[in-house]
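Peer 1: One letter stands for each residue in the lines below.
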Amino acid sequence: MTVVAPAIAERFRPGQFVAISVGGTGSPMLMRRGLPIHDVKPDYGGTVEFVFPADLPGAGWLAERRVRDSLDLVGPLGRPFPVPRDPVHCVLVGSGYGSAGLFMLADRLQQRGSRVDFVLGATSADRVFGALRARRMGQTATLATEDGSLGVRGRVTDVLPQVIEDARGDVVYACGPMAMLRTVAAVATEFAIPSQVAVREIVGCGTGVCMSCVLPVIGEDGITRMVRSCVEGPVFRGERLRFDDVGTIPFDALGAPGARGPVEGFRER
Amino acid sequence: MTVVAPAIAERFRPGQFVAISVGGTGSPMLMRRGLPIHDVKPDYGGTVEFVFPADLPGAGWLAERRVRDSLDLVGPLGRPFPVPRDPVHCVLVGSGYGSAGLFMLADRLQQRGSRVDFVLGATSADRVFGALRARRMGQTATLATEDGSLGVRGRVTDVLPQVIEDARGDVVYACGPMAMLRTVAAVATEFAIPSQVAVREIVGCGTGVCMSCVLPVIGEDGITRMVRSCVEGPVFRGERLRFDDVGTIPFDALGAPGARGPVEGFRER
Amino acid sequence: MSADMRTRLSHVELPNPILTAAGCGGSGRELSVFYDVSRLGALTTPSITLAPRAGRPTPRTAETPSGVLNAVGAQGPGVDAFLTSDLPWLLQQGARAVVSIAGGSVAEFVELAKRLTEQPGVSVLEVNLSWPSMEDRGRPFAADASASAEVITAVRAAARFDVPVFAKLAPDVPDVVAIARACVAAGAEGLSLINTVPGMAIDVDAARPALAAVTGGLSGPAVRPLAVRCVWQVHAALPGVPIVGMGGVMTGRDALELILAGACAVAVGTANFQDPFACPRILRELEEALTARGIERAAEAIGLAHRPSERQPR
Amino acid sequence: MSADMRTRLSHVELPNPILTAAGCGGSGRELSVFYDVSRLGALTTPSITLAPRAGRPTPRTAETPSGVLNAVGAQGPGVDAFLTSDLPWLLQQGARAVVSIAGGSVAEFVELAKRLTEQPGVSVLEVNLSWPSMEDRGRPFAADASASAEVITAVRAAARFDVPVFAKLAPDVPDVVAIARACVAAGAEGLSLINTVPGMAIDVDAARPALAAVTGGLSGPAVRPLAVRCVWQVHAALPGVPIVGMGGVMTGRDALELILAGACAVAVGTANFQDPFACPRILRELEEALTARGIERAAEAIGLAHRPSERQPR
Ligand SMILES: Cc1cc2nc3c(=O)[nH]c(=O)nc-3n(C[C@H](O)[C@H](O)[C@H](O)COP(=O)(O)OP(=O)(O)OC[C@H]3O[C@@H](n4cnc5c(N)ncnc54)[C@H](O)[C@@H]3O)c2cc1C
Ligand SMILES: Cc1cc2nc3c(=O)[nH]c(=O)nc-3n(C[C@H](O)[C@H](O)[C@H](O)COP(=O)(O)OP(=O)(O)OC[C@H]3O[C@@H](n4cnc5c(N)ncnc54)[C@H](O)[C@@H]3O)c2cc1C
Ligand SMILES: Cc1cc2nc3c(=O)[nH]c(=O)nc-3n(C[C@H](O)[C@H](O)[C@H](O)COP(=O)(O)O)c2cc1C
Ligand SMILES: Cc1cc2nc3c(=O)[nH]c(=O)nc-3n(C[C@H](O)[C@H](O)[C@H](O)COP(=O)(O)O)c2cc1C
Ligand code: FES
Ligand code: FES
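Protein chains in written order, with the UniProt record's numbering: chain A, 1 to 269; chain B, 1 to 269; chain C, 1 to 314; chain D, 1 to 314.
Simulated from the structure, these hints should not be mistaken for lab results.
Wrong hints could be hidden among the right ones.
Away from chain B, derived, C-beta distances all over 10 angstroms, residues of chain A [said to hold, decoys possible]:
#	residue
1	M1
2	G26
3	P28
4	Y44
5	V51
6	V67
7	R108
8	Q162
9	M178
10	A179
11	R242
Covered stretches of chain A, as calculated for chain D (at least 3 residues, CB under 8 angstroms) [said to hold, decoys possible]:
#	region
12	29 to 36
13	93 to 103
14	209 to 218
Ideal Cβ positions, reconstructed from N, Cα and C, are used throughout, including at glycine.
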C-alpha cells in the first residue's frame, strides 16, 4: 500500500516502521500495527509504501481503502539499521512480509559501496515478498520456500550459512518472525560476525507509551532489561536479544520478581 | 438509498419499515435503525428505497456505501397502515424524513379510489422530503417549513386544520417526530376523524426482542399497556397512543410500579 | 463430518450449546418468525416475576462503544400469564425452556420456583441474583455471598427435585469465585455467568443521562472480556460445575472462546438485537470452528484453554 | 472567544482539565516527541514502586472490542530513578506531575509517599488502590473499604501536608460510593475513577489465554459506561469532592461526558496508544464543545447533568 506522507518520506531511514491505525474513527480496534516501510519515493511530494500481511487483524479494512482515502499513520518510528561507513559485505535476510524492510537498506548500503546479497523466503512462493527486486539489486539473491514452490525447499536459515560463506559476509541484517531472527542470530554468531535483526510484530502504540512490545535485551553494561522494541528497536544486535527468554521475564533481568519486589497478585493493574 | 432486496420488496405494505445495521461486521454500533420505506420497485428483481437522516448515528458509514456493496437489513417489519376498502378522503402528513413513508401509502389509497391530500414540512426547504412527488400525486400538496424557505412558514400542524377542512378529510395518516404526531392526533380528534400515526425513531432490534421501543397505548379493553412500536406499531391509532405519557410508565398501565410489584432498585437488571 | 454438539446442564441434555440469554430472545414467538426455536439448545425466558411488570420508562436503551446499556426493568406479563400462554407455546414448538426468575425477596423466589415447577415443562430454573433485594435496600443479592446462598437454598428446596437450579451471577464483585462457591454449596447445580455490568451514558447534547432510569446494565462485546474472565476463574475453582457462559457473544468464535474458558453452554443476548438469525448462525459457526480444529464433540472443548501449557519457544 | 479551561484538584490549580492517565503517558519523554507536555493539565506518572520492576511477561496486551486488555505489571525504574531522572525532567519541561504510587503493603505506600514529597515537585499524589495487598493474599486494597481507608490514612499522614492525596478506585465493586466515602473520611482530598476492570481473552486458534499473565485490566471505550456510572454515583454522593474521571475517553465529547457526570478533570489513557496527539486533540475538542454550548468556563460544566430535570413533553 502506498500513501502520500511527505514528512515520513523525508525523515525515513531504513529499518524504521510506520504505526498505522485501522478501522477509522470510532473503530473497535484500538491498537496500532507497526509495519515495515518498504519504499519511500519523491512522487507527489513524498510517498511511503508499506506491506501488510493478509491475516493482520484489520487487513480487510486496509484492503478496502481506495485512492484518496486518508489513512492515519505515525512514523517514521524506531531506531534504524546501523549502516557501516566503510564498504563491507552484507547479507540481508527476510521472511514473509518482513522482506519489505530490506530494500531501502540495500539501497543505502550499496550507495556506500557495500556488497549486498539477499536471502528471502516464505511459506510458499506467493508469500515471498520482493524476489524480483532482490534479484535486480543484490549481488546474489537466494530464495527459499518451505514448500519448494520457489527457489530452494526450506527456510531462509537453511541456506544462510552457505550464502555467508560464498559472499564472505561481514554482517547479517534480518527482518522476519522472531523464530527466524533467532536462528539468523545464531548462525551469525557461529560465523563470528555481527547480526542486526529487526523484529516485526509490534502491536500497541509504536511510540513507547503502552509497554506491550518489550523484549529481554542485554545492555552495554551486561545487565538485561525489558526494553521496548518500538523505541529502542525494532533493530537489535542479534547477540544482545535473549531469544530463548522472549515471552518471559528472565530471573536476572533488572526488576525481575525476586526477594525485593512486591509479590505478583492474581490480578495486578 | 436504494438496495436490491426482492424478498422485502415483494412483501412490503405501506407503513412498514426496514431495520438496518450500520458499521459492518464487528461494528461498535450494535443496534439496528428502523427507517421508513420510501419506495419498492420491480427493477433488478425488486429494490427497496429508504431514507435516512444525516444525523442518524451511522449515517456517515451508510453514505460511504457504494454500488454493489452489501447491506444488512431486515424487513419488512411492523404493522402497516390500515387502508380503507372504500374510497375516502385521506390527508397524509409528513415531517422531515418521515414523509418518505407516505408515498407508497398514497399509491395504495389512490388505487382504491381514495382522494389523497399531502401536507409536508420540515425545518427548512432542503429537509423537506418528496415535495415534487407529493405535488404530482396528491390532489393538493401543502408545504410548510419552519423558516419559510418553502411553502408556508410554520409547521405542518399549523396548516393541517385548513387542509382537512378544504379536502373534507375522512382520515389523517401521519409519519414524523413524536411531537408532531401528537399534534396531528389532537387535530384529528378535534375534527372527530380517525388518525393513523406512524412513529419514526425505532432504535433497537426492530423485531420485538429488546423492549427498547415501548409506548403507552390504550388497548381495545381500555387498559394501557407498554407496547413495542416495532411489532405492535409503528402505526397506531392516534387516540390510542398516550402522547402525554410517552417517556413515562403511566401509573394506571398494566404492571406499573404500585402496591403489588417489587420495588425499583437503584440498579435493576 | 459434523461435530457432536450435544451438551448437558447438570442432568438435562441439550441438543446443542447455544441458548438465548434471559430477556434477549423475547417469548420465543418473535424469533420464531425467523427460525424454528426448537433448533436452539434452549430458550431462556426473560426473568419471570410474580406480578406483571410494565418495566422502566423510555429511553430504555443506549448504544455505547461495542455495547448496549439497558434499563428495561424486566417488563413482563407475570408468572400467571407465563404459565398459561408463553410456556405452553414454547413446549408446543418442541423448544426447551430455561426459565429465569426474579424476586425482591426470598419469599418471592420461593413462590416462583414452586409455581413454575409444579407442572413439568421447565428444563432449568435460572435464578437472576442481580435483582435488587427489597430486604437489603435495593442491593442486588449477587453482591453478597450469603444473600445469594440464602436465595439458592430456598429455591432449591422449593423447586421440583428434578429441575436443576442455576444461579446467575453478576461480574462486578471483587471475587466472583466466592459467590459461585456459596451458591454451589447452597445447592445450585450450575452457574450462569455473566449478567450485565452497571453502567451509564450521558447524552452530551442534552447534558442529561441517556437512559430515563439513569443507570443501566452494559452488555455486548464490550463486556466479553469480563465474561471470559469470570467463566475462567469459576471453572478453575469449580471444574465439575456446569457453567452457562454469556456476555458479548456475536460469532461462533466468541462462543468458542467462552467454551474454551470453561462454559458448557453459551447464551446469546445482545447479538439477537443485531441479527435476528444470530443463534442459528452462531451455532453453525461454532460447529464449523470445532470441525476445522478436528474437535469431534463440543464437550471436548469445554475448558480446553486451562490445560497446562508446554512452554513453547516463540 | 475561547473557554476558560482552568480547573482545580483540591487547592492545586491546573491550566486545563486534560491529564494523561497513569501508565499511559510513559515518562512524558515519549509524548514530548509529539507535543510539549507542559500543555497537559498534568502528566500522571506510571505507578511508582519502591524497587525497579521488570513487569509481566509478554504478550502483555490484547485487543478486545473497543477495549484493550493489559497486564504490563507496572514495569518501571523504581522510586530512586524516578526522583533522580523522570521527575526533574518533567519539572524542567514546565509540566505538572500527578504521581501515582503503588505498594504491596501500607508500609510501602508510606515510604513512597514520604520519599516523593520530601522535596517539592509533586502536584498531586494518586494512590493506586487496585494494587494487590501482600497482607491480604493478593486481594486489591480497592476491593474493601477498610483496607482502602487504612492505606489512605497512612499516606495522608506521611505525605507533605500541601500535596493533595487522591485515591484511585476500581469499578468492579458492588458499591463504589462506600469505598469512596471511606477514602474521603480517611483524608483523601480527591478521587480518581476508574482503574481498569479485570478481564481476559483467549486466543481461539491457540486455545490459550491471550495474555501471558492470563488475566489483565480492561480499558478503552468499552469501559466508559462504567466510568461514567462511577463518576456519577460518587459525585452525587460526595458533590464537594474533586474527581479525576477516566475510562475510555477518546474525544472531547467523551471528556465532556465525564465532566457532565461530575469529573473536574479527565485523564486519558488508552487513547494515547491509538493517537500520540490524543491529549492536545481532546483538549481542543473539549474547548470547542464547551464554546459551541455557550459554556464559558469548563468549571461550569462539572456535574451539569445532575441538575434536576424539568420533565419535557417529548
Ligand atoms: C501487527 C501484527 C499483528 C498481528 N496479529 C495477529 C493475530 O492476532 N493473529 C494472527 O493470526 N495473526 C496476526 N498477525 C499476522 C502474523 O503475525 C503474520 O503476519 C502471519 O504469520 C503471516 O506473515 P508472513 O507471511 O510473513 O509469514 P510468517 O508466518 O511470518 O513466516 C514467514 C517465513 O519465515 C520463515 N520462518 C518462520 N519461522 C522460522 C524459523 N523458526 N526459522 C527460520 N525461518 C523461519 C519461514 O520461511 C516462513 O515461511 C499479525 C501481524 C502483525 C504485523
Ligand atoms: C434510528 C434513529 C436514531 C437516532 N438517534 C439520534 C441520536 O442519538 N442523536 C441525535 O441527535 N439524533 C438522532 N437521530 C436523528 C433524529 O432523530 C432526527 O433524524 C433528526 O432530528 C432529523 O430528522 P428530520 O430532518 O426529520 O427533522 P425532525 O427534527 O424530525 O423534524 C422535522 C419536522 O417535524 C416538524 N415538527 C417537529 N416538531 C413538531 C411539533 N411539535 N409539532 C408539529 N410539527 C413538528 C417540523 O416541521 C420539523 O421541522 C436518530 C434518528 C433515527 C432514525
Ligand atoms: C435488553 C436486555 C434485557 C435483559 N433482561 C434480563 C433478564 O430479564 N434477566 C436476566 O437475568 N438477564 C437479563 N439480561 C442480561 C442478559 O441475559 C445477559 O446476561 C447479558 O446481556 C450479557 O450477554 P450479551 O452480552 O450477550 O447480551 C438482559 C439483557 C439485555 C440487553
Ligand atoms: C497499559 C496500561 C498501563 C496502566 N498502568 C497503570 C498504572 O501504573 N497505575 C494505575 O493506577 N493505572 C494504570 N492504568 C490504568 C489507567 O490509568 C486508566 O485508569 C485506565 O486505563 C482507564 O482509562 P482509559 O480507558 O482511558 O485507558 C494502566 C492502563 C493501561 C492500559
Ligand atoms: S508498542 Fe507501545 S511501547 Fe512499544
Ligand atoms: S426495537 Fe427492539 S423491541 Fe422494538
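Peer 1: Evaluate each hint against the coordinates.
Peer 2: To see whether the hints hold, each was checked on the structure:
no. : hint       : in the structure
1   : M1         : holds, 19 angstroms
2   : G26        : violated, 6 angstroms
3   : P28        : violated, 4 angstroms
4   : Y44        : holds, 24 angstroms
5   : V51        : holds, 23 angstroms
6   : V67        : holds, 13 angstroms
7   : R108       : holds, 40 angstroms
8   : Q162       : holds, 46 angstroms
9   : M178       : holds, 28 angstroms
10  : A179       : holds, 30 angstroms
11  : R242       : holds, 37 angstroms
12  : 29 to 36   : holds (count 4)
13  : 93 to 103  : violated (count 0)
14  : 209 to 218 : holds (count 7)
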